[in-house]
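Residue strings, one per chain:
Number of protein chains: 2
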Amino acid sequence: MNQVEVCLTPELIGQFDLTNKIVVAVDIFRATSCMVTGMAHGVKSIHPVGSVEECLELGLKKGMITAGERGGKKLEEFTIGNSPYEYMRDEFQDKSIVVTTTNGTRTILASLAADQILIGAFLNLRSVANYLSTSRKDVVIHCAGWKGTVNIEDTLFAGALIEEIKASHKRKGDPSLIAHQLYRANAHDLMEIAKESSHAQRLATFGIGKDIEFCMNQSLYSVLPEFKDGKLEAI
Amino acid sequence: MNQVEVCLTPELIGQFDLTNKIVVAVDIFRATSCMVTGMAHGVKSIHPVGSVEECLELGLKKGMITAGERGGKKLEEFTIGNSPYEYMRDEFQDKSIVVTTTNGTRTILASLAADQILIGAFLNLRSVANYLSTSRKDVVIHCAGWKGTVNIEDTLFAGALIEEIKASHKRKGDPSLIAHQLYRANAHDLMEIAKESSHAQRLATFGIGKDIEFCMNQSLYSVLPEFKDGKLEAI
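The listed protein sequences derive, respectively, from chains A and B. For the first sequence, numbering that gives the first Met the number 0 assigns the number 0 to the initial residue and increments by one for each residue that follows. For the second sequence, numbering that gives the first Met the number 0 assigns the number 0 to the initial residue and increments by one for each residue that follows.
Looking at chain A on its own, in the form it has when it is part of the complex:
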């Protein structure tokens, strides 16, 4: 049986050996939820970059749509911000998006030692689980957290994914047990605890409560984005 571990924040990723493993990068509010939504709505590729400057440069040079946020807010110079609803536009079909976000991008770029990097969200939970179940690979669920801290929504997702793959993957380490327990204790109403999270409360002050609700939808999309050669494409 393969194993599944949970890294609760990128600050702790150095404690994990990613060699030959699949990393599932997750930033529920809202980077990976946006990525999954965009790919599900026909975006061709998404290019996560570390800085605002890189983002603007790629946008200009390669005609990509610029997207992202700093501190939860859209940047003036970008075409779109970090709301999944913005990723649904018809005119983005077959286009490429270059994106930079506070936590999500960092998480993906800190997972490069892995054999494969998948993008997970509640929105594509079943697809991620199905892929992992037949992968015969050990898994590390890499939670983005918030500015290096541990957060509720990514930990909840880790627990939900552990539940989905429990027939093929055994929990390893205490964080995976904590995540699994947190999910099971709240499975009857994930929105209730998600709303209690610091991140949801922070975002609510920007008037984007509907983003939070959307991001908590389970398996709305079947798309499975993979990060490879600097960009996300659907597997």
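Wrong hints could be hidden among the right ones.
In the PhoX-like style, the derived pairs of lysine-lysine whose C-alpha atoms are separated by at most 25 Å in a straight line are [what the hints assert, rightly or not]: (1) A/136 to A/169; (2) B/169 to A/194; (3) B/171 to A/146; (4) B/171 to A/194; (5) B/169 to A/146; (6) A/60 to A/43; (7) B/209 to B/72; (8) B/171 to A/72; (9) A/209 to A/146; (10) B/136 to B/194; (11) A/227 to A/61; (12) B/61 to B/227; (13) B/169 to A/171; (14) A/194 to B/165; (15) A/171 to B/230; (16) A/136 to A/230; (17) B/43 to B/94; (18) B/136 to B/169; (19) B/171 to A/209; (20) B/194 to A/165; (21) B/146 to A/146; (22) A/171 to A/136; (23) B/230 to A/169; (24) A/194 to A/72.
For the record, the hints were derived by calculation from the structure and aren't laboratory data.
The hints should help you fit chain B onto chain A, whose structure is shown.
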């Protein structure tokens, strides 16, 4: 109302501002459980130090009893190891113990920026809670974890303490919510989940399952050790 936060591992303590706060240092398996047991049985003071060399030197120079472990095992040169049962000896009454452990000592020494450092364990849960409830200070519960990773038993204790002080202290941050939820989901049988922890399973291979059971006893002792000027003394 004051606030209570949880730092899940010393690796993340840099994310917390400890100024004017009370830190509760916790390493359930087994450093802080041993300290509480020793003080409850009449030990005069306990001196946590970072290295084996310092421990042996203080033992020799000041006639202190040497205690501690590396990797969960007693060191040959020390008088006692890291089992609470070893801290109960009659001949230690009014004696001083110098101790070094893998995780517990590090946690205390990484909390020096706080206004006050208390030593918490399930064994003195009620005493810690009573003190905090009347303190009018914000609190950070600092979990030792294991080699920098997050563990179940210290997180459970954090949740139990949050539950005890909820009338005077409001949770702040997602880790405090995670810890509180974990405790509430398992309050009916803490031993069951404690036995599932990596640490308990690691220790079980050394044949010290009875230590685990002992450390999970709630409020067996009323002693409250404080770390001040390099040593622990009962408040």
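Enumerated hints in conflict with the structure, sorted upward: 10, 13, 15, 23
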